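Work out the full structure, taking the sequences as your base and the hints as a guide.
Residue-level listing of the chains:
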Amino acid sequence: MEKYLTWYILLIKAQLKNIIFWISLMGMLGVALLIEAITLPQNDNTRVLIYNEDGQWADQLVETLENSDSIFQFEKIESEDALKEEVLAGKAECGFIIHAGFRQKLMEGDCRQLVTSVCTAGSASEAVARETFYAVVLETSSDLLLQKVTDEVFEGNEDALKVLIEKNQHYLTSDEVFRLNYQYFNKEAEKHLESSSSVDDRRSQPIRGMVGVMLFLTMLLARGQDLRLGASSIASNLPRYEKIKFLFLKYLAVATPGACLGIGIILCSGESGGVGKELGAMLVFLLVSAFWVLIFGGMFRRENVYSGWIMTLILGNILLCPVFFSLGDYIKAVNILKWIFPLSIYLRLI
Amino acid sequence: MMDVAHIKKYYGKKRVLEDVTFQAVSGERIAVVGKNGCGKSTLLQILSGMMKPDKGTLSFYGKNPFSTYFILEYKRSIRALLSLWWSLLLFLGITIGGTLLISVYLFQAQVFQPVPIGVVVSEEVDGVRALTRVVAAMDSVKKICTMEVMNEADAIEGLQSGELEAAIVLEDEFYEGVYDGKFMPVDVMFAESSDSNQKVFRELLKDGVSVIRTSQAALFATVDASSEFQATMSFYDMENYVAFLYIKNAFARNEMFQVSTLRSTGEVDLFQYYLVIGITFFLLMCGLNFGFLYRQESRAVERKLRIIGIREWQVSATKILIMGSVLWGSATLIYSMGCGVSHLFASNFLMFDVVTLFYFVPVMFCIAGYFHVIYGVSKSSVQGGMLLFITNTIMVIGAGGIVPAVYLPEMVRKVGNYFPLTLWNGYLVDAIFAQPSMLMMVLVSMLGFIFAVMGAIMLWKNT
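Those protein sequences? They're chains A and C, same order as listed.
If you read the first sequence in the numbering used here, its first letter stands for residue 1, the second for the next number, and so on.
If you read the second sequence in the numbering used here, its first letter stands for residue 1, the second for the next number, and so on.
Keep in mind that the hints were calculated from the coordinates and are not lab data.
Predicted model, so just to flag it, every value in this text is computed and none were measured.
All C-beta atoms in this analysis are idealised placements derived from N, C-alpha and C, irrespective of residue type, glycine included.
Just to be clear, a hint being listed does not mean it is correct.
[What the hints assert, rightly or not] Some chain C residues well away from chain A (every beta-carbon gap over 10 Å; in silico):
id	residue
1	V20
2	D207
3	K461
[What the hints assert, rightly or not] Below, a list of computed lysine to aspartate or glutamate pairs in the EDC-like style, where the Cα atoms sit at most 20 Å apart:
id	chain 1	residue 1	chain 2	residue 2
4	A	K105	C	E255
5	A	K243	A	E2
6	C	K248	A	E139
7	C	K206	A	D226
8	C	K206	A	D175
9	C	K304	C	D54
10	C	K142	A	E278
11	A	K76	A	E86
12	A	K13	A	E2
13	A	K167	A	D143
14	C	K248	A	E152
15	C	K248	A	D110
16	A	K148	C	D237
17	A	K167	A	E155
18	A	K84	C	E267
19	C	K206	C	E192
20	C	K379	C	E297
21	C	K199	C	D187
22	A	K167	C	D224
23	C	K206	A	E63
24	C	K379	A	D226
25	C	K199	A	D69
[Stated by the list, open to error] Residues from chain C shown here face chain A by an in silico Cβ test under 7 Å; the list is partial:
id	residue
26	A191
27	K199
28	M238
29	N240
30	A243
31	I397
Written out as structure tokens, the structure reads:
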């Protein structure tokens with residue numbers, strides 16, 4: 001036992017002197033940081049930005065929108081470019097640019113192209129945000145329309161306008177005009193849907209997945225090195241069973257320092273399941289992966305053929321296990337096929 | 001055939017070989033006979049490339065050593081790559097599957113799933129049914145919900161089973177109420193849910209109600225005011241005037257908005273974008289297969305090649321030519337397959353154009369130059385493979401290969417703009433779907449040249 005421990009320690013030391021190890025550590029960190037920085041747009045995004053080029057009246061309109069009882073969070077923004085950038089980056093569902101002369105044109109009854117609605121192909125509820133915007137504009141500008149009514153019906157009588165506005169306000173806040181009665185029903189399927197969505201959330205784990213991929217790649221490359229060295233490698237000069245044990249320990253050793261950093265990265269990310277769980281899962285992953293590489297690598301005799309399979313294996317792991325997106329959602333067979341890779345086991349352990 | 005012409009060799013002032021000229025064909029056996037120190041070993045060392053002659057040339061197959069080296073290296077590479085065809089095919093399949101998956105995933109993330117809504121209307125009331133059809137056909141409504149007319153029992157069952165998100169109950173007198181301007185409350189039944197799509201539907205409903213309430217409040221206020229102030233028109237005309245004013249405004253609401261749709265993928269659509277990403281990703285990862293060109297054994301041979309007059313730049317050029325031509329062949333194959341599939345499905349998504357194959361040339365050699373730098377920097381093919389994988393991964397993520405660059409932080413985006421992959425992607429988009437500009441071609445070619453020079457220097461230093 002002591003002999004194997006000595007081998008393991010010496011192999012780790014050798015790994016620490018290997019420049020590839022340091023490159024892979026930096027790469028792991030860089031990839032994790034990049035993944036952490038990605039912010040995908042969500043179809044339940046409700047942030048709506050408004051840039052006002054018109055005067056104070058439009059400012060009041062924006063304020064009304066900001067305080068309105070809506071699912072959309074209307075926010076004023078200081079520049080058109082910032083608005084476009086936030087919408088494009090998926091940080092806001094859409095945006096409205098209120099053009100100069102908005103109020104004047106409304107008063108004149110010319111409603112054409114007063115506002116630019118900025119959206120992306122992914123702004124699914126932009127049309128509804130537009131309806132909300134319009135509903136508030138109509139309510140706010142109703143006084144302007146009532147002015148028109150006064151001019152036409154009451155010959156511009158100021159007293160009539162005052163009464164009109166007052167009564168209009170009264171009706172708007174009363175139950176005398178059109179309204180809806182809401183009723184709610186319990187949904188029997190709700191529980192089932194909730195539990196399945198919680199499984200969905202666990203499906204892709206980009207940071208843990210990429211850490212696993214990097215460690216797996218390190219082990220695969222270590223096997224490639226043995227194939228290249230051939231008869232001059234240490235392992236090839238050992239008796240058969242000793243050779244297997246040595247190779248197993250070697251694959252474990254080359255991945256151990258990276259695994260330590262990987263656990264650190266995962267713990268710092270939002271994907272962590274706690275120190276104990278992470279350590280346990282990583283240990284299982286390393287053992288299974290080392291065994292896997294031992295068997296898979298043993299099937300090859302030529303280094304270049306083996307090297308060609310490495311990238312296919314890595315991409316297969318990223319796609320099937322799944323690291324970023326779940327292919328199993330579209331092709332059911334993938335959900336079974338993925339279990340041949342140790343990465344799937346690792347991603348399911350937490 | 002080996003052609004030895006006028007070889008001379010001196011050790012200091014001592015002449016060892018003087019004007020040695022002969023030819024040897026493949027399979028021919030030649031004995032070199034002579035006294036001790038007459039130059040037999042020197043001659044063999046020159047023939048094996050271990051020593052350089054002071055004068056004269058050594059050619060194989062009647063050509064110079066470089067062309068022989070080039071042909072042999074090319075043959076070796078083709079043989080090595082052919083032994084990988086299974087994994088390459090699988091890798092291509094996985095790449096296509098992966099890029100399709102990402103583009104479909106992102107496409108679906110952009111699509112709002114319409115909420116199923118039941119509209120409870122009595123079968124005898126045609127007017128309300130007609131009104132429902134008009135509302136259901138409105139753009140903003142179609143995007144958010146699908147409406148189906150049904151009876152109340154079915155609606156409740158649908159809500160409980162989760163098939164419906166909401167049901168609107170319209171009474172038999174609803175249409176008459178609308179016609180007379182006397183609205184009555186409408187019952188809306190919801191399935192209790194925190195689903196965001198249902199919330200959006202509720203918002204749409206609220207907006208519609210708000211518009212009706214605003215119009216109705218103005219109408220009622222005008223009617224009330226007419227009892228206090230003298231109106232210039234009849235009661236009927238006055239009602240019509242106010243109703244028309246608000247209805248006209250409401251129906252013209254779409255004219256109020258000028259819609260500007262921004263694209264996260266620039267000028268191309270999501271599928272075009274990911275097609276190009278898929279091609280570049282495949283080509284970049286193919287770089288891992290070229291490790292055999294940079295193995296330690298190859299470098300030992302290269303040291304000897306210097307002796308027979310093959311310079312470092314020639315070795316570098318050979319490697320780049322081999323990698324570039326393999327990449328070009330792969331890109332051509334993928335492009336042709338894409339065009340074939342597009343044609344098969346009678347789609348004009350991808351149309352084959354021979355010129356595109358010429359446009360591929362500079363970018364493929366530029367990518368080959370990049371591989372040359374990475375392997376040149378590395379001390380072994382394994383090290384090069386790892387470095388290449390990491391660099392590729394960082395470039396693919398940073399240049400918007402997994403998700404479009406707009407979803408990355410500003411700093412990453414700025415750095416990503418300087419990644420060669422960004423240039424290659426832009427160039428390939430133009431090459432496949434339009435025509436790359438002359439500036440773009442010059443830029444790609446220049447970058448390729450810089451890579452080639454850098455790689456040659458690195459390789460020379462490491463050999």
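Do the hints match the structure? See the list:
1. V20: At roughly 38 Å from the nearest Cβ of chain A, V20 (chain C) sits farther out than 10 Å, so the non-interface label holds.
2. D207: violated (4 Å)
3. K461: holds (15 Å)
4. A:K105 x C:E255: Holds, because 13 Å separates the two Cα atoms, which is no more than 20 Å.
5. A:K243 x A:E2: holds (16 Å)
6. C:K248 x A:E139: holds (15 Å)
7. C:K206 x A:D226: violated (69 Å)
8. C:K206 x A:D175: Status holds; Cα separation ~15 Å.
9. C:K304 x C:D54: holds (16 Å)
10. C:K142 x A:E278: Outside the cut-off at roughly 47 Å; violated.
11. A:K76 x A:E86: holds (12 Å)
12. A:K13 x A:E2: holds (16 Å)
13. A:K167 x A:D143: holds (11 Å)
14. C:K248 x A:E152: It holds: about 16 Å lies between the C-alpha atoms, which stays within 20 Å.
15. C:K248 x A:D110: Judged against 20 Å, a Cα distance of about 11 Å means the pair holds.
16. A:K148 x C:D237: Within the cut-off at roughly 15 Å; holds.
17. A:K167 x A:E155: Holds: K167 (chain A) and E155 (chain A) sit about 18 Å apart, inside 20 Å.
18. A:K84 x C:E267: Holds, because 16 Å separates the two Cα atoms, which is no more than 20 Å.
19. C:K206 x C:E192: Holds, at roughly 17 Å.
20. C:K379 x C:E297: The hint holds at about 12 Å.
21. C:K199 x C:D187: holds (17 Å)
22. A:K167 x C:D224: holds (8 Å)
23. C:K206 x A:E63: holds (19 Å)
24. C:K379 x A:D226: holds (16 Å)
25. C:K199 x A:D69: holds (12 Å)
26. A191: holds (4 Å)
27. K199: Cβ of K199 (chain C) sits 5 Å from chain A, so the hint holds.
28. M238: holds (5 Å)
29. N240: violated (11 Å)
30. A243: violated (11 Å)
31. I397: Hint on I397 (chain C): holds, closest Cβ of chain A at ~4 Å, below 7 Å.
In summary, the structure is inconsistent with hints 2, 7, 10, 29, 30 from the numbered list given earlier, while agreeing with the others.
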